[in-house]
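The chain contents come next:
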Amino acid sequence: MNLSFFNSYFLLFLPLLIIPIIIHLISVKKARILEFSEVKFIKLAVTRTIKKIRLLQYLLLLLRLLVLTFLIFAFARPILQQTGMLSKSEDEPLAICLILDNSYSMAPAFQTAKEVCENILKVLKIYDKSCFLLLSNKVTPEVPTLTSNIRLVKEKIKSAKLSQRTTSILAGLNYGYSILKESNITNKQIIFVTDFAKHGFNAIDEKALSNFDKNVKIIFVDVGKEISNIGINDISLSFSALGEQGKINVEVENFSPVKFYKIPVSLYINDNKSGYGFLGINGYQKISKNLFYNVKRKGKYSGYAKLDIEDGLTLDNVYYFRLDIEDKKKVLCVDGDVKLSQFLSETFYLKLAFNPDTKRTSEIISTVCVPDELEWKNLDDYSVIFLCNVDKFSPDSVKRLIEYVKRGGNLVYFLGDKVNIEEYKRLSEELFPATIVQMVEKQEFIDINSINSNHGLFKLLDINGFEKVAFTKYYHILPKGDSLILANFKSNLPFLIEKNFKYTKYGKILIFPFPADRDWTNFPLRPVYLPFMQDIVNYLVKETEKEIQKSLYVGDVYRKTFSLSNLPKKVEVVSPSDKVMALPLISNNIIEFKNTEEVGIYKLRYVTYDGLSHTEYFTVNPDVKSKESSLKKQDISEVRKCIPSAKIFLIKDYKNVTNELILIMRGREISKVLIGLVIVFLIVEGYLSIRRTR
Amino acid sequence: MSKFLNPTDLVKLSNMKLRAKVVVDGFIAGLHDSALKGLSLDFAEHREYVPGDELKYLDWKILGRTDRYYIKQYKEESTLTSYILLDISLSMGYGSKLFTKLQYASYLTASLAYLMLRQQDKVGLILFNENIAEYIPAKSSTSHMGFIMNRLDNIMPIGKTSIWEVLENINSFMKKRGLIILISDLYNDEDKVLRYLKYLNSKKNEIIVFHILDKEELYLSFKEPFIFEGMEDKLKVLALPDMIRYEYKNLIEKFISKYKLTCEKNNIDYVLFNTETPLEYGLLHYLEKRGKLIK
Chain V
1 MNLSFFNSYF LLFLPLLIIP IIIHLISVKK ARILEFSEVK FIKLAVTRTI
51 KKIRLLQYLL LLLRLLVLTF LIFAFARPIL QQTGMLSKSE DEPLAICLIL
101 DNSYSMAPAF QTAKEVCENI LKVLKIYDKS CFLLLSNKVT PEVPTLTSNI
151 RLVKEKIKSA KLSQRTTSIL AGLNYGYSIL KESNITNKQI IFVTDFAKHG
201 FNAIDEKALS NFDKNVKIIF VDVGKEISNI GINDISLSFS ALGEQGKINV
251 EVENFSPVKF YKIPVSLYIN DNKSGYGFLG INGYQKISKN LFYNVKRKGK
301 YSGYAKLDIE DGLTLDNVYY FRLDIEDKKK VLCVDGDVKL SQFLSETFYL
351 KLAFNPDTKR TSEIISTVCV PDELEWKNLD DYSVIFLCNV DKFSPDSVKR
401 LIEYVKRGGN LVYFLGDKVN IEEYKRLSEE LFPATIVQMV EKQEFIDINS
451 INSNHGLFKL LDINGFEKVA FTKYYHILPK GDSLILANFK SNLPFLIEKN
501 FKYTKYGKIL IFPFPADRDW TNFPLRPVYL PFMQDIVNYL VKETEKEIQK
551 SLYVGDVYRK TFSLSNLPKK VEVVSPSDKV MALPLISNNI IEFKNTEEVG
601 IYKLRYVTYD GLSHTEYFTV NPDVKSKESS LKKQDISEVR KCIPSAKIFL
651 IKDYKNVTNE LILIMRGREI SKVLIGLVIV FLIVEGYLSI RRTR
Chain C
695 MSKFLNPTDL VKLSNMKLRA KVVVDGFIAG LHDSALKGLS LDFAEHREYV
745 PGDELKYLDW KILGRTDRYY IKQYKEESTL TSYILLDISL SMGYGSKLFT
795 KLQYASYLTA SLAYLMLRQQ DKVGLILFNE NIAEYIPAKS STSHMGFIMN
845 RLDNIMPIGK TSIWEVLENI NSFMKKRGLI ILISDLYNDE DKVLRYLKYL
895 NSKKNEIIVF HILDKEELYL SFKEPFIFEG MEDKLKVLAL PDMIRYEYKN
945 LIEKFISKYK LTCEKNNIDY VLFNTETPLE YGLLHYLEKR GKLIK
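In the order they appear, the protein sequences are chains V and C. The first sequence lines up with residues 1 to 694 when you count with the numbering used here. The second sequence lines up with residues 695 to 989 when you count with the numbering used here.
Careful, some of the hints might be misleading.
Here are the computed lysine to aspartate or glutamate pairs in the EDC-like style, where the Cα-Cα straight-line distance is at most 16 Å [stated by the list, open to error]:
#1 V:LYS550 / V:ASP271
#2 V:LYS51 / C:GLU970
#3 V:LYS51 / C:ASP936
#4 V:LYS300 / V:ASP271
#5 C:LYS791 / V:GLU35
#6 V:LYS286 / V:ASP234
Pulled a few chain C residues facing chain V out of the computed Cβ check, cut under 7 Å [said to hold, decoys possible]:
#7 TYR881
#8 ASP885
#9 TYR893
#10 LEU894
#11 LEU929
#12 LEU932
Don't read these hints as lab results, they were simulated from the structure. Please read these numbers as outputs of a predicted model, since none were measured by experiment. We put the beta carbon where it would ideally sit given N, CA and C, even for glycine.
Let the sequences and hints guide you as you build the complete structure.
See the structure below:
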């Protein structure tokens, strides 16, 4: 057992103990002489009670001395160190794993936290050992092994920087345990200097702790303040039905009980203010604010939404995004059986399927032409060309169509009564990858079991819708070369053939052995027709656009796969702070970028072998959805419940951290016990005094 | 209690006779039965009627002539000789109030003597400490009263106590049996004192013991510690009254009860007085005892 004091200067009052002794002696000496008639009874009474009186006197003196001593000790705040497993004597060395929370929620308190860390080092003695870690959802071991070099630890604390990551106390605990496990020192502590916010304590329980040691004390030093804060959780982009105007939904969450009024929200695209608005939000509410933008030209844009407010955290008031503005999907419908009545036209149902609400602009814009126009029309303006019941192709048309496909264009054939079978047989496989055997005239249905629902063309479709599609005539066709049958009739003849070229740059060709109108089938009247035709366009167009526009969180890995036909010679990433980093290719055509520690817009620049330079964007945002932006404190009893066998302490008064730490690490304060004893002694003293005079 | 005089009030009066008169007259006025009835048939004198007198002694002739009430008094044959033994040792000089035990005892003595002489009894006074300091023979004359009162007025505590030696010698002063009234704090060898009291009792004397103690002697209610010095033996004892009170009270009770029980057993009247007890109680005890003796 060892006793030390927080306020040892109070011990200067110990000489006051002489007072009760003096009082005791004076009270005896000051007795005056009193003449009394007969003293024999007094003498006899004194003789009989002298032992009892003396005992009582000394007991009272002792009690008074104890009361005074314990009172002085209580003010001096004594710390009791017990010898044993858990509490060590003052001279026994300590092993401390000091962990500084540098997650972005620490922004208001980070400087204080660093000062607290330095103060903690003051508690250490020359024979104590410490290590120093920075903690977010990733542990950065600044001083990875236990050392007596306090100066080194101090330097690392001074140079520590705030990250933009979230918090994981669990990660810190596991790292701390693994370091302390290697030490022979028995008195071990893991000290977190943190804002003690609730979000950092996810998934903590004893089973999740590797190398868990119940003898290691876990000490949290709370340096945070519960400041009101709001942040942008997420952003979603959508097209508006109104022309070219786009809509952005900004999801804002209030992490505090305070209500906010008229907060300005701004939208910036390519650093130009493109939209703004105001929002009001109640305590702990989550709302969505719509902002509109107007970008006329297609291309790849970057931007951010910003809340103009001074709140607890500024980082979460900005959310970055990437915006790919594309042209609308344009398709060309070549009508091989033009009629005076639009209703009877070969492409009537197709056009209707692409744009069912003729009063508004659809996502798919269709243009109708006759076969002869193929000779001079700019085919590259269209993503897909539908060839509907075209009897034959002129040599120029054939040549232009083949080039079109090679440049990535897509063809879809609908074969009807105007088709000249012989002419089609002469077409090359690059243009018509099938052979027409003959026309079949009989009632026919689609075999839905033959449809591969995982195929990109069918995966969004309810294929049961094909069940009632009936045919009276169709062509018996066979695939050529490596063309594939995607679906069959019930007679097992092909319903749809697809040609995929080995060059990924090439477009695709789809062949349906029936017309696009109602001449041979009820297909245009079935509900499945409209979505299927739109899916054909989306399938053929989207296959060329594989980029994912989703934003990354800080610490996520950015990964891009290049097509083998378009491999880059040189790839580099420019960070939001304009730091340029070259990236090597891994696995032939993949690049990975791991250093996403900075929130903002990153530029990916690469040069392909054809000498063209490309610039793309990807964005990194703080993980606000993880509730890191909520500065609400964790309840220490909850933590204790999660790790019941651990010794867990919380120091709220970080200004007094050294004293509190000494208390926890080196002993137990017994002031309250002493005050309790003083009260007991005073009661006993009172009782004895009354008893003495009775 | 309130109908009796507070002893402290007596201190204010100028002389002992007056004190005795005040006590006795007041006491007599309060009695229902006259204590002044005589036994002789020889007419002595008339006196005015006082309430409580028996009507059979009323002189109807005088009433008829003068319309005033007179009582016929007869010359009484005195049958009682009383000796008052008053302790004047130094210990009797202790008093925690306005007056000492000796003062109180002298008031009691004076009152008793006054009453006795009014009764035509013979009264003798013996002042003693370790010896008989002064002896006043028993007489019943009116002038005797003045003599006794003068002596009591000038009384001072002196010497050590030796009650038993006085009791041993008193027999030689008493020519015939009578009433012995001992007024003392009885701080002496209890066994010896009781032995001689029993002896005197066996000689057909009637004995009344007035045990006079101060309130502090009974309760030792001092708060602060004192070095107690004996008034007679000059012995010094340091004591914390709070501490010893319980034991002291046990001892003093034992001391008192020894006298009380032994006296009761031997037909000796024992009366404990503290200095706040009204003197009339003493007179009452005397009258009771006298009544017994005369019957």
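Could you check the structure against the hints above and give me the numbers of any it violates, in ascending order?
Hints 1, 2, 8, 9, 10 contradicted; others consistent.
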